[in-house]
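There are 2 protein chains.
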Amino acid sequence: MAKPKKQPRPKAVTPKGFRDYFGQEVTQRTEMLRTIADVYHRYGFDALESSAVETVEALGKFLPDVDRPNEGVFAWQEFDEGGNGDWMALRYDLTAPLARVYAQHRNDLPTPYRRYAMGPVWRNEKPGPGRYRQFYQCDADTVGTASMAADAEICAMLSDTLETVGIPRGDYLVRVNNRKVLNGVLEAMGLGTDAAARDDVLRTIDKFDKVGEQGVRELLTKGRLDASGAFIEGVGLSDDQAEPVIAFLTSKADDTAGTLANLRSAVGDSKIGAEGISELEQIGELLAAGGYGADRIQIDPSVVRGLGYYTGPVYEAELTFEIFDEKGRKRQFGSVSGGGRYDDLVKRFTGQEVPATGISIGVDRLLAALREKGRIKSHDTGPVVVTVMDRDRMADYQAMVAELRNAGIRAEVYLGNPKNFGNQLKYADKRNSPVAVIEGGDEKDRGVVQIKDLILGAKIAESATLEEWKERPSQFEVPRGDLVAKVREILDSQD
Amino acid sequence: MAKPKKQPRPKAVTPKGFRDYFGQEVTQRTEMLRTIADVYHRYGFDALESSAVETVEALGKFLPDVDRPNEGVFAWQEFDEGGNGDWMALRYDLTAPLARVYAQHRNDLPTPYRRYAMGPVWRNEKPGPGRYRQFYQCDADTVGTASMAADAEICAMLSDTLETVGIPRGDYLVRVNNRKVLNGVLEAMGLGTDAAARDDVLRTIDKFDKVGEQGVRELLTKGRLDASGAFIEGVGLSDDQAEPVIAFLTSKADDTAGTLANLRSAVGDSKIGAEGISELEQIGELLAAGGYGADRIQIDPSVVRGLGYYTGPVYEAELTFEIFDEKGRKRQFGSVSGGGRYDDLVKRFTGQEVPATGISIGVDRLLAALREKGRIKSHDTGPVVVTVMDRDRMADYQAMVAELRNAGIRAEVYLGNPKNFGNQLKYADKRNSPVAVIEGGDEKDRGVVQIKDLILGAKIAESATLEEWKERPSQFEVPRGDLVAKVREILDSQD
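Protein chains in written order, with the working numbering: chain A, 22 to 516; chain B, 22 to 516.
These aren't lab readings, by the way, just hints derived from the structure by calculation. Nothing here was measured: the structure is a model prediction, and the numbers come from that model. Honestly, I wouldn't trust all of these hints.
Some chain A residues close to chain B (C-beta under 10 Å, calculated; not the full set) [what the hints assert, rightly or not]: (1) 48; (2) 154; (3) 430.
We put the beta carbon where it would ideally sit given N, CA and C, even for glycine.
Produce the entire structure from the sequences given, and follow the hints as far as they go.
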């Protein structure tokens, strides 16, 4: 690196809302992404990695989050003598770039185009606890077909993916709803054309998860007092007008047939509503034929998240087991994936409607869930550490680690100041090393090495009273030639 | 996605200097990164993924490239009511972020800290042919030790890595030099303290690869006419003064001992020079002891790339086989990795010197090399395509792909408009599908399916005259129950 200029020392901090990931945090995510990619690939999806940077124009100056248009992206202007450089921005999701890529390369891409993509996205939002401005998404989308078979396939693939990464059946549920049914309801309410009222109703429906049936009823009509006692203005509908929305939100029955029947009455004779119900029916049939029962995937009109910007079916995968939140309260883990059909996205570029549907998996949340359930190792195993008793014989120690590595064993020689041997063992401890190797001049002369089982050693230290431990030695002297064999024996005994 | 606002249609293009990667371009890179990570991990290096965004302050407003300080990064100011937001930038390499991470977390990290990192970096530079503004790096560094054993280990690991990803011994060479030896040479020239003159000499030495010994001699003294006939001003040294530089650059002998002897005479009685030579000697001994001979790693003072900003040993890995460049001229493939010791980087933050050394592998160039040599598949195999003869029986077709996928076979059902069967086969062709499955009403009634070997079919089409092909059928009718078995049989026959 170039020498630093004379200037006050920079602060060694990540920018607000960003963080670093260490060791296992990185490798476990990489492993999960690979597992998910395998499933996507088996389903016929092709990999795509678009650039992290897009023109603001192509990205569209908006986020999926309808409440914050023109916000939420990290953008800058390309340098240009005249100051007329293009504006560029970091992608805020993997869907907008897909639309750009498909519009740009559509003549070379197959139609339909099944693609998966995984990588970081960036949101210029106020960071909060556990909310970072850079996080991973793992998407699969099918572009260029309006067939409900594409939507059913995505739901089935999502179910397979969750089970493949280690969420057992019964611990998750994929729920399916349809935006068109809601539009039908709005029609039935006589709000089919009143854009402002529709938006009010949509915003209210999005609160269903929080305030429940009675809360939504009040918010749609005369308003309500929220928990803090503040009065929330209502939308001002009559009770009769509000009823279809409630009927829609609460139409889930014991089985798909029952749910669909309830929806039919909720949309009355709305054409778009009927279309949406028939789409749900097709998806239900295809999934049933594929053996995906209600224990994995359900039609559930109470799924309202994201209804705002999808144009047809929407999906959400929730983990149904309970965890304890920051405040120690039991709650369901909740959503780890969402998606749906968005038929207008490519149209922005080409003018022609290109139907598309897909999902996005929140990889970091999924990893957190697996850690919660103890389904992935929560501690890193370090390398075997070959200690340095005699700094002039570094070549001897390097030869030992070379032997161990060639045998496929993770190993390293201590590269710090070897003067204080205690520091070397402290280092091995900090590295979670399973084994330390010691060869002093005396051992060298006698052609032996000392091998310390650090895991067993720690156990003995913990429970020194237990005779069973006392009887088992945690340090062994073996002929130099048996180094690799003995280390492997100890590693195997530790698993 | 939110509805686009009424505005002229956006152009569907990547920003200047950026590109998208499709299918195999992505999966082969992912695979290579995984292979490299395995080697790094076996050597005891831990994964680190720092955020892509850093404060400009932490990053330092400079690139490794000393010619363009204060340039080359994509930066923007954090929004802030008062307009006083922090400046943030995309990382331009993985080394500056490592320095920041180590300074920030040094109390929690082991010392020495061996870490590897892989991911995209961004350079705000004029894009050129094959030069993109986003590209992958794959680094390994050891922070917190001045021991030459760390440098030797990095060189050995680089050699192992190249062979593990598929570059055979003999097709690459890791070359090692030392910045301190050059400093010794400058001292011997009496330029030890004259910063300006030193920089002139450094810049000239960096041209050695291009202009050779005589060219450097002229540039150090009276100047020279370049290829275009333009006169390049010389540094203005006397011939005597220039000699040590030439001696340094040309001091490579048949073996390490000879090279070191030449270097000793080049640095005269310079203390720093002697120190650098002793460092090279230690590295040479450790590598020899590890069995890394001159066929893999060599001490080579003609390695000058990057000498400008490293503080000790520098390494470069070159692929030595020849390829044809854009203009069809034979040339060596050249460098795929470089690195060295930089002891001042963490000091920027902490004030204390923290010795560090590491390498960066240019993954995309390495992939290009493997493709050149035909060592990785250059074509993607698509999924088995189950065609749709009867759109009302989509469930039947979904059941077939489910069976194939459950057997681990990549498969998909055709999701486009099934009306024109020719389009379905065209699609399978565009997807490089190995096999197509066909089940019309007639087959359904008879309980059979048609299975087309598309690879064989293409061969037959190409060489229709060859009897051998004519005799082999490329389409088979099998009982529905034998679908998976027959498809696997065909796939196996295609490998």
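Results for each hint:
no.: 1; hint: 48; result: 5 Å, holds
no.: 2; hint: 154; result: 8 Å, holds
no.: 3; hint: 430; result: 8 Å, holds
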